[in-house]
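Go by the hints and put chain E onto chain H.
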Amino acid sequence: DVKVTQSSRYLVKRTGEKVFLECVQDMDHENMFWYRQDPGLGLRLIYFSYDVKMKEKGDIPEGYSVSREKKERFSLILESASTNQTSMYLCASSTTRQGLEAFFGQGTRLTVV
Amino acid sequence: AQSVTQLDSHVSVSEGTPVLLRCNYSSSYSPSLFWYVQHPNKGLQLLLKYTSAATLVKGINGFEAEFKKSETSFHLTKPSAHMSDAAEYFCVVSGTGRRALTFGSGTRLQVQP
Numbered sequence: 001d002v003k004v005t006q007s008s009r010y011l012v013k014r015t016g017e018k019v020f021l022e023c024v025q026d027m028d029h030e031n032m033f034w035y036r037q038d039p040g041l042g043l044r045l046i047y048f049s050y051d052v053k054m055k056e057k058g059d060i061p062e063g064y065s066v067s068r069e070k071k072e073r074f075s076l077i078l079e080s081a082s083t084n085q086t087s088m089y090l091c092a093s094s095t096t097r098q099g100l101e102a103f104f105g106q107g108t109r110l111t112v113v
Numbered sequence: 114a115q116s117v118t119q120l121d122s123h124v125s126v127s128e129g130t131p132v133l134l135r136c137n138y139s140s141s142y143s144p145s146l147f148w149y150v151q152h153p154n155k156g157l158q159l160l161l162k163y164t165s166a167a168t169l170v171k172g173i174n175g176f177e178a179e180f181k182k183s184e185t186s187f188h189l190t191k192p193s194a195h196m197s198d199a200a201e202y203f204c205v206v207s208g209t210g211r212r213a214l215t216f217g218s219g220t221r222l223q224v225q226p
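So the protein lines, in turn, are chains H and E.
Number 25 in my numbering belongs to position 25 of the first sequence; there are no gaps in the numbering.
In my numbering, each number is its position in the second sequence, counted from 1, plus 113.
Any given hint could be a false lead.
As the list claims (entries may be wrong) - From the structure, some residues in chain E lie toward chain H, with a derived Cβ separation under 8 Å:
no.: 1; residue: S143
no.: 2; residue: L157
no.: 3; residue: K162
no.: 4; residue: F176
no.: 5; residue: A213
no.: 6; residue: L214
no.: 7; residue: S218
As the list claims (entries may be wrong) - Per the computed footprint, the stretches of chain H lying under chain E, defined by three or more beta-carbons under 8 Å from a beta-carbon of chain E, are:
no.: 8; region: 11 to 17
no.: 9; region: 44 to 58
no.: 10; region: 62 to 70
As the list claims (entries may be wrong) - Under 10 Å between C-beta atoms, here's a sample of chain H residues computed to sit facing chain E:
no.: 11; residue: F20
no.: 12; residue: N31
no.: 13; residue: E101
Note that these hints are calculated values from the structure, not bench results.
All C-beta atoms in this analysis are idealised placements derived from N, C-alpha and C, irrespective of residue type, glycine included.
Okay, chain E solo, but in the shape it has when bound:
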């Protein structure tokens, strides 16, 4: 079985300050891990993915995430928030034997001017 826990349902930061969105996963297999972003009234867009290569993964729009197997974490970070980063972010896991992705409950990021 696999599951994902996003530790914060809402995160608020000021423009120009760092962003940290936390995610812990559980998987019986070596997982693939993803972060998706959903802007208001838009579809889901892939930010980045980890598939057992480098543990530090760089994505679009300056986001990156680090896979830490010992902590079963895959936190998403960005050095400096921009107003356009305001959206909902989903941490997602997939594993061998199940083709479908398992989603976390989402973290809504607010960026204050």
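If we strip away everything but chain H, and leave its shape as in the complex, we get:
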């Protein structure tokens, strides 16, 4: 089974802190994604990466950055956390060979106070 693992299920951080969310996948997928999920808005794409050191902005990249130094790991960085970044964050991976079906981690619920 494909496994996508997010490092934390729950995080509480203070406004202004730098926050790192980590994601690891074990299926050698070339594509990795970060989404945020908010009630009534579905999942919105923050950033994605299609190869090591390659990244593209999604629909809502403001206030976030990403890092992909190894194929299996994709990090989301909140440079200076704000309360409007309180949300559920979902990591996913996919491969073009499988028709872009994405496999998701369990999510990290981040609260910024």
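Showing chain E alone in chain H's frame:
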């Protein structure tokens, strides 16, 4: 550009009655279409996917969806609802040139005893 519209934010059915969750899509390319399900406090799970083969797609747990190009629809159905079907359902589209999936805003399915 591609987009997905889920026509109902909430659907309530009685156990044993049919389920219909409606989805319309917009895509400049021949799309791949997916339905994902998210149970409370769980990650997203793929229910089924359409990738230009048969227009009627069968998924897990008795769900199926029909791709109708003329109506740009991909509605999800199940003949008989079960209590365990209560969850949030997302209609999702991907298309050539964008590796990331575009999510609808979700439909919350309630199943009454």
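Status of each hint after checking the structure:
A hinted interface residue such as E/S143 counts as satisfied when its beta carbon comes closer than 8 Å to some beta carbon of chain H; here the least separation is about 12 Å, so the hint is violated. Taking 8 Å as the C-beta cut-off, the interface hint given for E/L157 holds, the closest approach to chain H being about 4 Å. Checking E/K162 against chain H: minimum C-beta separation of about 6 Å stays under 8 Å; hint holds. With a cut of 8 Å, the hint placing E/F176 at the interface with chain H is violated, because the nearest CB-to-CB distance is about 16 Å.
For E/A213, the suggested interface contact is upheld, since its CB lies about 5 Å from the closest CB of chain H, less than 8 Å. Of the supplied interface hints, the one on E/L214 holds, with its beta-carbon coming within about 6 Å of a beta-carbon of chain H, less than 8 Å. Hint on E/S218 holds. Least Cβ distance to chain H is approximately 4 Å, under the 8 Å limit. Residue count for the region 11 to 17 of chain H with a Cβ under 8 Å from a Cβ of chain E: 0. That is fewer than the three needed, and the coverage hint is violated.
Chain E is given as covering the region 44 to 58 of chain H, and this holds because 5 residues of the stretch bring a CB closer than 8 Å to a CB of that chain, at least three being needed. Check result for the region 62 to 70 of chain H against chain E: violated, 0 residues qualifying (beta carbon to beta carbon below 8 Å, three or more required). This hint is violated: H/F20 has a C-beta 20 Å from the nearest C-beta of chain E, more than the 10 Å allowed. A hinted interface residue such as H/N31 counts as satisfied when its beta carbon comes closer than 10 Å to some beta carbon of chain E; here the least separation is about 5 Å, so the hint holds.
Using the Cβ-Cβ criterion of 10 Å, the hint placing H/E101 at the interface with chain E is satisfied: the shortest such distance is roughly 6 Å.
Hints 1, 4, 8, 10, 11 from the list above are not met by this structure, while the remaining hints are.
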